[in-house]
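If you read the sequence shown in the working numbering, its first letter stands for residue 1, the second for the next number, and so on.
In case anyone wonders, no lab produced these hints; they're calculated from the structure. None of these values were measured; they are calculated from a predicted model. There may be inaccurate statements among the hints.
As the list claims (entries may be wrong) - Label-pair distances were calculated between CB atoms; the ranges are: (1) Asp-11 <-> Thr-74: 18 to 28 Å; (2) Val-34 <-> Met-83: 16 to 26 Å; (3) Glu-38 <-> Thr-74: 30 to 40 Å; (4) Thr-4 <-> Ile-81: 38 to 48 Å; (5) Ala-29 <-> Thr-91: 17 to 27 Å; (6) Thr-36 <-> Arg-78: 18 to 28 Å; (7) Tyr-72 <-> Ser-2: 31 to 41 Å; (8) Trp-75 <-> Pro-37: 20 to 30 Å; (9) Leu-76 <-> Glu-31: 22 to 32 Å; (10) Pro-10 <-> Val-33: 15 to 25 Å; (11) Thr-4 <-> Thr-74: 14 to 24 Å.
Even glycine gets a Cβ: it sits at the ideal position worked out from N, Cα and C.
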Amino acid sequence: MSITIRQATPDDSTAIYDMIYELAVYEKAPEEVVTTPEEIRETLFASGSKTEALICEVAGKAVGYAVFFTSYSTWLGRNGIYMEDLYVTPTIAGSAQEKRC
1 MSITIRQATP DDSTAIYDMI YELAVYEKAP EEVVTTPEEI RETLFASGSK
51 TEALICEVAG KAVGYAVFFT SYSTWLGRNG IYMEDLYVTP TIAGSAQEKR
101 C
(Lines of atoms letter the chains of each structure in order from A and count residues from 1; the text may use other names and numbers.)
(Lines give C-alpha, C1' and ligand atoms only; values in the text may rest on other atoms or scores of the structure.)
Protein backbone atom coordinates (compact mmCIF):
# COMPACT_ATOMS: atom_id res chain seq x y z
CA MET A 1 0.00 0.00 0.00
CA SER A 2 1.40 3.36 -1.05
CA ILE A 3 1.77 6.00 1.68
CA THR A 4 2.48 9.64 0.89
CA ILE A 5 3.02 12.60 3.20
CA ARG A 6 2.80 15.93 1.40
CA GLN A 7 2.04 19.60 1.90
CA ALA A 8 -1.69 20.22 2.03
CA THR A 9 -3.24 22.37 -0.68
CA PRO A 10 -6.50 24.34 -0.82
CA ASP A 11 -8.04 21.33 -2.58
CA ASP A 12 -7.60 19.40 0.70
CA SER A 13 -9.86 21.76 2.66
CA THR A 14 -12.87 19.43 2.69
CA ALA A 15 -10.78 16.39 3.66
CA ILE A 16 -9.12 18.38 6.46
CA TYR A 17 -12.52 19.57 7.68
CA ASP A 18 -13.89 16.01 7.64
CA MET A 19 -10.97 14.80 9.76
CA ILE A 20 -11.28 17.77 12.14
CA TYR A 21 -14.92 16.81 12.64
CA GLU A 22 -14.01 13.11 13.15
CA LEU A 23 -11.54 14.17 15.84
CA ALA A 24 -14.18 16.37 17.50
CA VAL A 25 -16.67 13.47 17.53
CA TYR A 26 -14.01 11.26 19.13
CA GLU A 27 -13.40 13.97 21.75
CA LYS A 28 -17.19 14.16 22.28
CA ALA A 29 -17.28 17.80 21.22
CA PRO A 30 -18.59 18.00 17.64
CA GLU A 31 -20.60 21.11 18.51
CA GLU A 32 -17.30 22.92 19.15
CA VAL A 33 -16.38 22.76 15.45
CA VAL A 34 -17.64 26.03 14.01
CA THR A 35 -15.37 26.28 10.97
CA THR A 36 -16.27 25.18 7.45
CA PRO A 37 -14.27 23.76 4.54
CA GLU A 38 -14.56 27.18 2.89
CA GLU A 39 -13.18 28.96 5.95
CA ILE A 40 -10.30 26.48 6.15
CA ARG A 41 -9.54 27.16 2.49
CA GLU A 42 -9.62 30.93 3.06
CA THR A 43 -7.59 31.05 6.28
CA LEU A 44 -5.21 28.08 6.37
CA PHE A 45 -4.12 28.68 2.79
CA ALA A 46 -4.31 32.48 2.78
CA SER A 47 -1.38 34.42 1.42
CA GLY A 48 0.90 35.15 4.36
CA SER A 49 -0.61 32.46 6.59
CA LYS A 50 1.86 31.36 9.27
CA THR A 51 0.14 27.99 9.62
CA GLU A 52 1.07 24.92 7.60
CA ALA A 53 -0.60 21.57 7.05
CA LEU A 54 0.53 18.14 5.93
CA ILE A 55 -1.66 15.38 4.52
CA CYS A 56 -1.02 11.66 4.87
CA GLU A 57 -2.48 9.62 2.02
CA VAL A 58 -2.85 5.88 1.65
CA ALA A 59 -3.50 4.76 -1.91
CA GLY A 60 -4.33 8.36 -2.83
CA LYS A 61 -6.93 8.88 -0.06
CA ALA A 62 -6.37 11.39 2.76
CA VAL A 63 -6.21 9.44 6.04
CA GLY A 64 -4.41 11.89 8.30
CA TYR A 65 -3.31 15.46 8.73
CA ALA A 66 -1.08 17.69 10.81
CA VAL A 67 -1.57 21.42 11.33
CA PHE A 68 1.32 23.38 12.81
CA PHE A 69 3.06 26.72 12.96
CA THR A 70 6.52 27.90 13.86
CA SER A 71 7.25 29.41 17.22
CA TYR A 72 10.22 30.90 19.01
CA SER A 73 11.45 30.04 22.49
CA THR A 74 12.97 33.05 24.20
CA TRP A 75 14.44 30.87 26.92
CA LEU A 76 16.10 28.48 24.51
CA GLY A 77 16.82 31.06 21.83
CA ARG A 78 15.56 28.63 19.19
CA ASN A 79 12.85 28.27 16.63
CA GLY A 80 10.35 25.50 17.19
CA ILE A 81 7.07 24.09 16.01
CA TYR A 82 3.71 24.11 17.74
CA MET A 83 1.49 21.31 16.48
CA GLU A 84 -2.19 22.16 16.75
CA ASP A 85 -3.48 18.79 15.49
CA LEU A 86 -2.03 15.45 14.47
CA TYR A 87 -4.77 13.06 13.41
CA VAL A 88 -4.99 9.69 11.71
CA THR A 89 -8.42 8.29 10.79
CA PRO A 90 -9.64 5.27 12.75
CA THR A 91 -9.68 3.20 9.55
CA ILE A 92 -5.90 2.83 9.75
CA ALA A 93 -5.29 3.59 13.43
CA GLY A 94 -3.15 0.89 14.98
CA SER A 95 -2.02 -0.44 11.61
CA ALA A 96 1.43 -0.53 10.10
CA GLN A 97 0.34 2.35 7.84
CA GLU A 98 -0.39 4.56 10.86
CA LYS A 99 3.19 4.19 12.05
CA ARG A 100 4.36 5.50 8.68
CA CYS A 101 1.90 8.45 8.57
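Practice prompt. Please name the hints from earlier in the document that this structure breaks, with their numbers sorted from lowest to highest.
Written response: Hints 1, 4, 6, 8, 9 and 11 contradicted; others consistent.
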